[in-house]
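Turn these sequences into a full structure, and let the hints steer you where they fit.
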Amino acid sequence: MAGLELKSLRKSYGEVEVIKGVDLNVEHGEFVVFVGPSGCGKSTLLRMIAGLEEITGGDLFIGDKLCNDVEPRDRGIAMVFQSYALYPHMSVYDNVGFGLKLAGAPTDVRDRKVREAARILQMEHLLDRKPSQLSGGQRQRVAIGRAIVRQPEVFLFDEPLSNLDAALRVDMRMELSKLHHDTGATMIYVTHDRVEAMTTADKIVVLNAGVVQQVGSPIELYQRPANLFVAGFIGSPKMNFVELTVEKLGPDSVTVSGKDIGPTTVPADPTSLKPGDTVTPGIRPHDLTDQSSGNLVGEVSLVERLGNETNVSLRLPSGAARLAVLDGDHELRIGQSLPLAFAPDRAVIFNKSGIALHRK
Amino acid sequence: MKSRPSIFLGIIAIPVSALVFLVPFAFIILTAFKNKQQATLLDFSWPDGFHLWNNIVEVVTTRNWMLLTAFINSTILTVASVTLPVIFAAMVGFVLARRKTRWNGLIEFLILAGLMIPPAVVPTIWLLQGIGLFGKLHGPVLIEVAYGLPFSIILYRAFIATIPRELDEAAIIDGARPFDVFFRIILPLLWPVTVTNIVVQSVGVFNDFTNPLYYLPGNANATVQLTLYNFQSQFNTSYNLLFTNILLITIPPLLVFLFFNRHIVAGMTAGAVKG
Ligand SMILES: Nc1ncnc2c1ncn2[C@@H]1O[C@H](COP(=O)(O)OP(=O)(O)OP(=O)(O)O)[C@@H](O)[C@H]1O
Ligand SMILES: [Mg+2]
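Here the protein sequences come in this chain order: H and G.
So for the first sequence, my numbering puts the first residue at 919; every next one is plus one.
So for the second sequence, my numbering puts the first residue at 539; every next one is plus one.
Heads up, some of the hints might be wrong.
Just the calculated beta-carbon pair ranges, DEER-fashion [stated by the list, open to error]: (1) G:H676 - H:D992: 49 to 59 angstroms; (2) H:A1021 - G:H676: 37 to 47 angstroms; (3) G:W641 - H:S926: 30 to 40 angstroms.
To give a feel for the contact side, a few chain H residues facing chain G, derived at Cβ under 10 angstroms [claimed, not checked]: (4) K925; (5) R928; (6) L970; (7) I973; (8) I995; (9) Q1000; (10) A1003; (11) M1008; (12) Y1011; (13) F1016; (14) G1017; (15) L1018; (16) L1020; (17) P1155.
Everything labelled a hint here was simulated from the structure, so no lab data went into it.
Note that CB positions come from ideal geometry on N, CA and C, so glycine has one too.
Shown next, in the form of structure tokens:
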């Protein structure tokens, strides 16, 4: 049984601080996904947990053990690399069994475990091949096999699927979920694919520039993003942001209006606001519906008809561009004006510094 | 399609290179078959009779079977001064390629210096006498190792830099200690370079004439190249025996070359294209 605890973990390369104090709790058996834009420090954080990167500040607990200075082999972890990192001169069998061999496991135990892992990953027929004789998906399986024979408490994955084609990626994603379910081990998974994050994670950690932006379940992040960054990062297509002015404050709502939208009352925490402030409501493209009574009117600039839904790009009177995803098929002309409505309680208000003002 | 001039050049190149390489060899073989009188003429005539066997027996038994001792000495010298640089150079290359410290610049400079500074014979002899290794086989082993190291290190370091670091890291996660990473992951992957290294270094050491001449005086320590002196003197040179001797001591490098030939070609091109 091993959860993880990161206490204000830091990492600098010389002068440059890459991880700026990360606090995180991971329960045993959780599937945690790190997401964030390229260069935000996801891999670095993962490698610090693995022990491949020295920790410059803070504490890392795996299980109940302080692991800052523990060798990778003693941390009870296994890692799968983006490039697979299979040993090219060894057969699949030896690749998978390498860790056990180093640990001095008896030959029969090793043989049993390797074959067991091969069975789980359906690659028994590949055991005698060299990595160069495998396809990308098969190499990925071997890399995962190498991780599971060690029966680690914690699996670490650094963008394991990014070298695979789209169809295979979906398959492997489901297989990883199944593996997580079967082994019950803790898994930490780095990706910059939001869909991968949303579909697999118990808990998503959104990182930006070495700082944790928000930690929560996928739906929580989608519905109650903590700030503009998370709101913009989670969910596809991207959330629409409109700059508006506060008109009136209610007990737990704010009435906003502006050039693009008539007065609308949105549920939010008004305590830090006063009338006349500028705020940024965020509206998901999927929450916009076409209604002639709608108070958001824009000019259609691009239409993508997918059959089950229609993506519409709009230009608002203020000149800002917005995206709406309408249910079903709509025949729209470019240049026509389109009134849209949205359910105010699905919108999120962000204050000037980008912090979400959720209703208590 | 190949152009006409390039085919033409190819047709010319083959006989020219054959001539350059095979004529001296043919001369050695022919002379080794001759008796002393005919060999003295040093021409390309056909041997008068079959004297090869007599020549071989005489060459081998000369000076109390000196050639055999020489072969043993040369083998020891070659094996030791090929094995040590291969292992050490690979290790140094590994550390240099993988660990960046502020000493790297200095270390690389020293390696280059080792490659460029000409060997000084007299001080080396003083040093060997000082540490009591002059005239013993260990001395030249150390010297050949020292001569061989810089180039091998550079070769290995360049090749190790092409091995992805994630391979080391995967092994470390799998529980490998530094020596495991080196001996089980890196060294096997270096095989093409190692073969090239073994061939170049072993042929070089085996055929080395000057270093054993300086540092291994005395018959007991002679290496094969030194046995050539047995049949050559200012006044009386037995060319038939000399060339028989040459023929005999050419055989081991030839065998090494034939044995590793396929690998050498692989080694020269490996790393050029990512596999
Ligand atoms: N050895 C290093 N020296 C200096 N800076 C480094 C080093 N390694 C990484 N960095 C910096 O640390 C930051 C985080 O890198 P990291 O590899 O963790 O990003 P990432 O989130 O994994 O990005 P990606 O999604 O592209 O893989 C980057 O800005 C990178 O430039
Ligand atoms: Mg990364």
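Status of the hints after comparison with the structure:
1. G:H676 - H:D992: 49 to 59 angstroms: violated (42 angstroms)
2. H:A1021 - G:H676: 37 to 47 angstroms: Check passed, 40 angstroms falls within 37 to 47 angstroms.
3. G:W641 - H:S926: 30 to 40 angstroms: holds (33 angstroms)
4. K925: violated (23 angstroms)
5. R928: violated (21 angstroms)
6. L970: Constraint on L970 (chain H) satisfied, holds at 5 angstroms.
7. I973: With a minimum Cβ separation of about 16 angstroms from chain G (threshold 10 angstroms), the hint on I973 (chain H) is violated.
8. I995: holds (7 angstroms)
9. Q1000: This interface hint holds because 8 angstroms falls under the 10 angstroms limit.
10. A1003: Holds: closest Cβ of chain G sits about 4 angstroms from A1003 (chain H), inside 10 angstroms.
11. M1008: Holds: closest Cβ of chain G sits about 8 angstroms from M1008 (chain H), inside 10 angstroms.
12. Y1011: violated (14 angstroms)
13. F1016: holds (5 angstroms)
14. G1017: For G1017 (chain H), the interface hint holds, since the closest Cβ of chain G sits about 4 angstroms away, which is under 10 angstroms.
15. L1018: Constraint on L1018 (chain H) satisfied, holds at 9 angstroms.
16. L1020: holds (4 angstroms)
17. P1155: With Cβ-Cβ at 34 angstroms, over 10 angstroms, it is violated.
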